[in-house]
Structure formats: structure tokens, C-alpha cells
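Novice: Using the numbering used here, read the sequence shown as starting at 72 and increasing by one per residue.
Quick caveat, the hints were computed from the structure, so don't treat them as lab data. Glycine included, each C-beta is placed from N, C-alpha and C at the ideal position. Treat the hints with care, since some could be wrong.
Cβ pair distances, simulated, as ranges [to be verified]:
1. Glu170 <-> Lys148: 28 to 34 Å
2. Lys127 <-> Lys103: 32 to 38 Å
3. Val162 <-> Ile123: 15 to 21 Å
Once the Cα atoms are required to be at most 16 Å apart in a straight line, the calculated EDC-like pairs of lysine to aspartate or glutamate come out as [as the list claims (entries may be wrong)]:
4. Lys135 <-> Asp168
5. Lys154 <-> Asp84
6. Lys135 <-> Glu95
7. Lys135 <-> Glu170
8. Lys99 <-> Asp168
9. Lys125 <-> Asp105
10. Lys166 <-> Glu137
11. Lys107 <-> Glu76
12. Lys125 <-> Asp84
13. Lys135 <-> Glu102
14. Lys103 <-> Glu137
15. Lys166 <-> Glu76
16. Lys163 <-> Glu137
17. Lys127 <-> Asp84
18. Lys107 <-> Glu95
19. Lys135 <-> Glu76
20. Lys141 <-> Glu102
21. Lys128 <-> Asp84
22. Lys99 <-> Glu137
23. Lys96 <-> Glu147
24. Lys124 <-> Asp84
25. Lys99 <-> Glu147
26. Lys141 <-> Asp84
27. Lys163 <-> Glu147
28. Lys107 <-> Glu137
29. Lys96 <-> Glu170
30. Lys165 <-> Glu76
31. Lys96 <-> Glu150
32. Lys163 <-> Glu76
33. Lys124 <-> Asp153
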Amino acid sequence: MNLYEHTIVARQDVSPSQIKQLTEKYTKIVEKNDGKVVQTQNWGLINLSYIIKKNKKGNYIHFKFEGPAKIVSNLEKNESMDKNLLRYLTVKVKKFDLETNYFSKKDIDEKKNSTKAEVNL
Numbered sequence: 072m073n074l075y076e077h078t079i080v081a082r083q084d085v086s087p088s089q090i091k092q093l094t095e096k097y098t099k100i101v102e103k104n105d106g107k108v109v110q111t112q113n114w115g116l117i118n119l120s121y122i123i124k125k126n127k128k129g130n131y132i133h134f135k136f137e138g139p140a141k142i143v144s145n146l147e148k149n150e151s152m153d154k155n156l157l158r159y160l161t162v163k164v165k166k167f168d169l170e171t172n173y174f175s176k177k178d179i180d181e182k183k184n185s186t187k188a189e190v191n192l
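Construct all of the structure, not just a fragment, from the sequences and the given hints.
Specialist: Here is the structure:
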């Protein structure tokens with residue numbers, strides 16, 4: 072089985088219930104194609120580097136899943152037709168980092184404090 076990390080960026084005006092529906096929709100697609108979702112993270116509303124389809128922000132949802140290669144083509148086929156999505160990206164990885172949540176307030180604060188401590192040494 073291949074390991075993948077997959078991130079989708081939904082429009083900024085998508086409601087929380089629609090985000091939940093998107094998460095469930097793409098989880099079902101993975102499971103229908105003999106895959107298994109290991110972890111799902113909702114990173115929330117984040118500023119985009121540049122305006123995409125008149126949106127300055129996007130709702131990020133990150134999936135970590137395992138399965139055959141056909142899953143990626145099925146996911147991307149469905150995502151290209153979804154009007155609520157701005158972008159998507161799939162990366163094949165060798166192993167999952169299940170402990171780090173890159174957009175958690177707690178993790179960000181800890182990284183800032185550890186950096187300050189290193190500078191003071």
C-alpha cells in the first residue's frame with residue numbers, strides 16, 4: 072500500500088457544515104477505492120499567498136491515507152469538478168508524521184518559545 076498526504080483548499084465562504092460534508096465525501100471516495108484514511112485535520116481558514124478565483128483566504132483540510140495509486144486519480148477527478156474547491160495537492164510519502172499538527176495554536180506557541188530559548192543561549 073502507498074502512503075499519501077492530500078490537502079484540499081475550499082473557498083472562504085464555505086460553511087462549517089459544508090466543510091464536514093467535503094471531508095466525508097472525500098473520505099468515502101478513499102474508502103470506496105480500497106483505501107484507508109489514517110488521519111484527517113481541519114487546518115481552518117488561512118490567508119492565501121495570492122488571490123485565487125476572487126478569494127483571499129481558504130479553508131484547508133488535510134488527509135493522510137493509504138491505498139492503491141488509483142485513489143489519487145479518482146480523488147482528483149472529483150475535486151476538479153467541485154465548485155467549492157480552489158486547489159488540491161497529493162504527495163506520496165514514505166511514512167506518516169501523525170504527531171505534529173502544523174496549524175495548531177499550541178504547536179506554534181511551543182515552536183516560538185523554543186526558538187526564543189535557543190536565541191538566548
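Novice: Could you run down the list of hints and mark each one as holding or not?
Specialist: Hints versus structure:
no., hint, in the structure
1, Glu170 <-> Lys148: 28 to 34 Å, "32 Å, holds"
2, Lys127 <-> Lys103: 32 to 38 Å, "34 Å, holds"
3, Val162 <-> Ile123: 15 to 21 Å, "19 Å, holds"
4, Lys135 <-> Asp168, "9 Å, holds"
5, Lys154 <-> Asp84, "12 Å, holds"
6, Lys135 <-> Glu95, "14 Å, holds"
7, Lys135 <-> Glu170, "12 Å, holds"
8, Lys99 <-> Asp168, "22 Å, violated"
9, Lys125 <-> Asp105, "36 Å, violated"
10, Lys166 <-> Glu137, "10 Å, holds"
11, Lys107 <-> Glu76, "12 Å, holds"
12, Lys125 <-> Asp84, "11 Å, holds"
13, Lys135 <-> Glu102, "12 Å, holds"
14, Lys103 <-> Glu137, "12 Å, holds"
15, Lys166 <-> Glu76, "10 Å, holds"
16, Lys163 <-> Glu137, "10 Å, holds"
17, Lys127 <-> Asp84, "11 Å, holds"
18, Lys107 <-> Glu95, "13 Å, holds"
19, Lys135 <-> Glu76, "5 Å, holds"
20, Lys141 <-> Glu102, "12 Å, holds"
21, Lys128 <-> Asp84, "9 Å, holds"
22, Lys99 <-> Glu137, "13 Å, holds"
23, Lys96 <-> Glu147, "13 Å, holds"
24, Lys124 <-> Asp84, "12 Å, holds"
25, Lys99 <-> Glu147, "14 Å, holds"
26, Lys141 <-> Asp84, "31 Å, violated"
27, Lys163 <-> Glu147, "14 Å, holds"
28, Lys107 <-> Glu137, "5 Å, holds"
29, Lys96 <-> Glu170, "25 Å, violated"
30, Lys165 <-> Glu76, "10 Å, holds"
31, Lys96 <-> Glu150, "10 Å, holds"
32, Lys163 <-> Glu76, "6 Å, holds"
33, Lys124 <-> Asp153, "13 Å, holds"
Hints 8, 9, 26 and 29 from the list above are not met by this structure, while the remaining hints are.
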